[in-house]
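**Student:** Chains as they are written, first to last, in the working numbering: chain E, 1 to 291; chain L, 1 to 405.
Incorrect hints may have been included.
To be verified - Simulated crosslink set (DSBU-like; lysine-lysine; CA at most 35 Å straight-line):
1. L/K299 - E/K106
2. L/K27 - L/K304
3. E/K106 - L/K91
4. L/K329 - L/K27
No lab work stands behind these hints, which were simulated from the structure alone. Please read these numbers as outputs of a predicted model, since none were measured by experiment.
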Amino acid sequence: MQILLQLIASGIAVGMIYAAIAFGYQLTFATSKTLNFGQGEALMLGALVGLTLTSVMGYWAMIPLVLLFGFVQGAVVERLGVRPSIKIKSEFGWIMATIALGIIFKNLAEIVWGREALPFPSPLPSDAYVIGEVRILPVELLIVVGALAMMLAVEFFNRRSIWGKAVRATANDRDAAGLMGIDTSRIITLSYAVSSMTAALAGVLVAPRITAIDANMGAVLGLKAFAVAIIGGLESGLGVIVGGILLGVAETTTGYYISTGYKDVPGLVLLLLVLMVKPSGLFGKATIKKV
Amino acid sequence: MNRLLATVAAAAVLGLASGAWAQETIKIGVSGPFTGGSSSMGVSMRDGVRLAADEINAAGGVMGKKIELVERDEQAKNEVGVQVAQELINKEKVVATVGYINTGVALASQRFYQEAQIPVLNNVATGTQITKQFEPPESKNNYVFRFSANDTIQSAMIVDEAIGRSHFKKPAILADSTNYGQLGRADLEAALAKKGVKAVAVEKFNIGDTDMTPQLLRAKEGGADVVLTYGIGPELAQIANGMAKLGWKVPLVGSWTLSMASFIDTAGPNGDGARMPQTFIEDPTTPKRKAFIDAYHKKFGGDKMPSPVSAAQGYDSLYVLKAAMEQAKSTDGPKVREALENLNAKVEGVVQTYDKPFSAKDHEAVSYSVPVFGIVKAGRVVYANEEDKKNPVRAKQGAGGVAPQ
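Sequences are here, hints too, so could you generate the full structure?
**Tutor:** This is the structure:
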């Protein structure tokens, strides 16, 4: 029992990383039905910018600046990669464009920070907390708390602020929102900016856990988060949290109870099952697309 | 017509002149990853080679000619390694190449040297297959030589240390899912079987894995009293950090990658006590080693080599190559190869004294008697056993690259 609890705790810590990135996919999908396939690279950039700033001002003080950086970076991605293809109503242009921008960001990062893995100093003590008989690292707790706080903040913004209401209106029906006087293309830029901001924050949250970061750190995480977004449903904030935890726990428990060689298999099986049974995701609403 | 003649004549003179100028130096290729994940080893190796080249040139060069190093970064990528090999052979016309950190890159690249009959002196990569790729009788002559302790030696040493010397009974094996890790795991299991021991857990992890909880819990629940590793720096650090997280401390004994800076720096205090085979430890136990260590830091700064083993093997490989060229009185590939295989001069290196390091059949300079165990202590690798420190001079005994029966 103690082992199962330990596996679940570690799985949740891993899963919340996936969830935090998947949350960003969900944000842009809601408003524009497009995704930023460079989400993993946004996370990597956030972590590397955070590392540089940490050496100047310390871990906690650099977080607002990293958020700002992510915000701007996301807006740039939208302007360069997504807006042109939305304008011409291209179905696939944004896929190529966001992937291409991701590659460009990765190469830029290699030029700026080099190809070495750089150690990321931990802002918290490295001794594990012992809760019952389950051991959790402070940096793992930081990921869980930080990711949840970020998602709550974004949800709160969407529900309470006037800008958030515009975001929700755009998500519900872009054409109608436009007729009501909402500048929907600005709202889409905003959703991309917030989406990259969450990814950048996820980057500085996971960096102390990964301990050594480089320009490639976003690749695997971005892909797994994409699976989480599909499992949980691209329409639902709760879905990505459940999906993330499901995938994280599936990985650790399979590793222990079946074989560490098959650790990645249940995630893929889960993905296939969800796609077969409920293609819109566990928490997604089935929508009919009218052509 | 006159004009054409003049042009041709000028071109011929220029060609002769540049040909004559090229004769002034001896071009030697240096191929390794100088950027990326294994760059600490690549850069240390290159610096070791540079140091040796500078010393040799200051002392008059080889046969009156200066050594010119042609350094190329192959980024630990097979395809870039192949391009570099072709460039060094066909464009730069090197007489030999030293280098290779990654077994995959070595295996992909060295066939071009084999075909061009140019010796390759592998000075860091450890894959057992490296020197066996072009062995007689399939190939007439083998142009591939090695200065590192191969994986057969290392896995046997790891098991000897853990089971033989330290009397652990229940080893767990943690290896990454790459060729390096999985071939090493197979070697470890075979070496354990020879001792009549079976691992209580054999676990796998991927490059980039950040959570080792399931692997470590399986090893812990299996009752492991020692963890044997075959992986590279960052993930090895995750193992050490994961053990600290679970509050489970058993010794780590593993391949030489436990001496990588990315392990030692990332694991910090959690990495203390990890043990691994080393051909060279940064400790001035002989005058020759002291001179080498001092000269290295004088030239490249710092007080700690990023990878002392790579630096030492790189340094030695160039001196052995020099001795072979002098014996052959030529830089011609087949003659240098023959000289390497029948080296008369004793070369005092920093790893060992090279006394007939190679033969036609044996292209491994390191035998089981050469490496010692290093242990991580406060961010550095030091001698694990006092008696090794007291008998620092190593020499090849018997065949290279094989485990004792």
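**Student:** State the violated hints by number, sorted upward, taking the hints as numbered earlier in the document.
**Tutor:** The structure conflicts with no hint, since it agrees with every one listed earlier.
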